Amino acid sequence: MPTVDLAEVKLRDLNGALHKLPRDTNETHWVITNPGGKHAIACGVNLPLTIEVEGHVGYYCGGMNSDATIIIEGNAGVGVAENMMSGEVRVKGDASQAAGATGRGGLLVIEGNASARCGISMKGIDIVVKGSIGSMSAFMAQSGNLVVLGNAGEALGDSIYEARLFVRGSVASLGADCIEKTMGAEDRAALEAVLEKAELTEVSADDFKLYGSARRLYHFHVDNVDAY
Amino acid sequence: MCGIAGLFLKTRSLEPELGSMLSGMLAVLSDRGPDSAGFAVYGKGTDHLVKLTLRLPPRPDAGGAVIVAARQFELASPIFHANHVIISIPADKVQAVQAFILQSPSLSGVEIVGRGRRMEIYKDVGLPADVAKRFDLPQMSGTHAIGHTRMATESAVTTKGAHPFSTGTDQCLVHNGSLSNHNGVRRELQREGLSFETDNDSEVAAGYLTWRMREGASLREALTQSLRDLDGFYTFVVGTESGFAVLRDAIACKPALMAETDDYVAFGSEYRALAGLPGIAAARVFEPEPATVYAWERH
Numbered sequence: 001m002p003t004v005d006l007a008e009v010k011l012r013d014l015n016g017a018l019h020k021l022p023r024d025t026n027e028t029h030w031v032i033t034n035p036g037g038k039h040a041i042a043c044g045v046n047l048p049l050t051i052e053v054e055g056h057v058g059y060y061c062g063g064m065n066s067d068a069t070i071i072i073e074g075n076a077g078v079g080v081a082e083n084m085m086s087g088e089v090r091v092k093g094d095a096s097q098a099a100g101a102t103g104r105g106g107l108l109v110i111e112g113n114a115s116a117r118c119g120i121s122m123k124g125i126d127i128v129v130k131g132s133i134g135s136m137s138a139f140m141a142q143s144g145n146l147v148v149l150g151n152a153g154e155a156l157g158d159s160i161y162e163a164r165l166f167v168r169g170s171v172a173s174l175g176a177d178c179i180e181k182t183m184g185a186e187d188r189a190a191l192e193a194v195l196e197k198a199e200l201t202e203v204s205a206d207d208f209k210l211y212g213s214a215r216r217l218y219h220f221h222v223d224n225v226d227a228y
Numbered sequence: 001m002c003g004i005a006g007l008f009l010k011t012r013s014l015e016p017e018l019g020s021m022l023s024g025m026l027a028v029l030s031d032r033g034p035d036s037a038g039f040a041v042y043g044k045g046t047d048h049l050v051k052l053t054l055r056l057p058p059r060p061d062a063g064g065a066v067i068v069a070a071r072q073f074e075l076a077s078p079i080f081h082a083n084h085v086i087i088s089i090p091a092d093k094v095q096a097v098q099a100f101i102l103q104s105p106s107l108s109g110v111e112i113v114g115r116g117r118r119m120e121i122y123k124d125v126g127l128p129a130d131v132a133k134r135f136d137l138p139q140m141s142g143t144h145a146i147g148h149t150r151m152a153t154e155s156a157v158t159t160k161g162a163h164p165f166s167t168g169t170d171q172c173l174v175h176n177g178s179l180s181n182h183n184g185v186r187r188e189l190q191r192e193g194l195s196f197e198t199d200n201d202s203e204v205a206a207g208y209l210t211w212r213m214r215e216g217a218s219l220r221e222a223l224t225q226s227l228r229d230l231d232g233f234y235t236f237v238v239g240t241e242s243g244f245a246v247l248r249d250a251i252a253c254k255p256a257l258m259a260e261t262d263d264y265v266a267f268g269s270e271y272r273a274l275a276g277l278p279g280i281a282a283a284r285v286f287e288p289e290p291a292t293v294y295a296w297e298r299h
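Just so you know, the protein sequences line up as chains A and B, in that order.
Oh and the first sequence: position 97 is 97 in the numbering used here, straight run, nothing missing.
Oh and the second sequence: position 10 is 10 in the numbering used here, straight run, nothing missing.
Be aware that one or more of the hints could be misleading.
DSS-like, lysine-lysine: derived pairs with alpha carbons at most 30 Å apart [stated by the list, open to error]:
| hint | chain 1 | residue 1 | chain 2 | residue 2 |
| --- | --- | --- | --- | --- |
| 1 | A | Lys130 | A | Lys181 |
| 2 | A | Lys209 | A | Lys123 |
| 3 | B | Lys133 | A | Lys10 |
| 4 | B | Lys254 | A | Lys130 |
| 5 | A | Lys209 | A | Lys197 |
| 6 | A | Lys92 | B | Lys160 |
| 7 | B | Lys10 | B | Lys254 |
| 8 | A | Lys92 | B | Lys10 |
| 9 | A | Lys20 | A | Lys130 |
| 10 | B | Lys44 | A | Lys123 |
| 11 | B | Lys10 | B | Lys93 |
| 12 | A | Lys10 | B | Lys254 |
Read the hints as simulated data drawn from the structure, not as lab findings.
Since this is a predicted model, take the numbers as computed values, not measurements.
Based on the provided sequences and hints, a complete structural model is requested.
What follows is the structure in structure tokens.
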């Protein structure tokens, strides 16, 4: 089990080592100590590794992740798991802005709170936040599921295309073209599947409300002609 | 870009460490602002004395001229830190000394950077770690301090453009962001009798808070009012003689992170800046909420 101390080893060398591993490597469990808020830790990993980071990380940790499971034993800076393709990123503390931005797949679990713009432009990722999320979350979201056990800040789902937004607590306000929707059987099944993946089986799908696109911004509408 | 840092100590025993703690934070923030750096330290004050921080022009006789002027006004010997000088003046002589500095031919080019009972301000161009060392920041002690590392994007790399900005006694501000209505606000503040040294938007933010506090507002109240009157994006860290405060705009455009322990409150643009602080592993680390004033006061 390789342990990499980022107080001693250069970040570039760590990421280089992770990228060079062969597909059939036996070194599948990595521990990273003294992350010290450095940026881009374990970015672009594309193997089914387990990477534990012991401390707080800076920007873009786990960005572009494919297949790896990355566990952050602390807080994460801006853009954690940005553009994740698959695999899992789990933040034990809080996440800063733009968590899971543009993510295309995989699961991002934030055990604390996430701040503004969580899931901005999400494209298929599943994001679970045990705490609350900040303003402008799921801005222009395209697909995937955002599940929030706490509350959502202002302008949730502004200019949303698709994606399901499940919130258990309060929503400060909804953004343009985002509305509350009736949770159908398919939505409920999707929510339950995400909760199960996130190991939150004690949480009931009944307690959530579903928000999504009213689809009024999809097409040109003559009433909006003055806006062009 | 730009990086900002702030420290507010709760424990007296940490006071000798204030300068070295801030120095480490500024060095890390070089990545966010390598052009210039500045900091304000709230150290010891003496009753009835006001400290002026002066910046000397690059000519060899400037320091000597300050010493001569100090003797003329029967002041204690000036204390030099590289091209900055601290002179302590009895409160009733401050106006006369300031007028002399601005008018005397022998002191031409000497700038008044800040004025306070406890506050001293140092700023210069160069890598933040070098600037901190040049002024002996690691040796400075005090109760609170704020600092800034600048990456000039829209104006020249000059000392005048470096933060902190001070527009009132013992008041200073560092800013990461950009204000969009600063010209209008500057005109209004000029009508209220404030004067400005630069065209910089951050100086207007400092002036706005000075004006509000002059009108009787507390630091917290002044910042709350600024949410309505200052437009743009900003993270402010502000110091007064006994206070320390943080405010982010409603969109929270610029990064900000805080850590609080029983011993201190620390602010950094990023966690990296806080990572070297004592006891950080056990600190409560949190991101300040948008449009929310965080203020601490020494009692």
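Which of the numbered hints are not met once you compare them with the structure shown?
Checked against the structure, the hints that fail are numbers 6, 9, 10 and 11, while the rest are satisfied.
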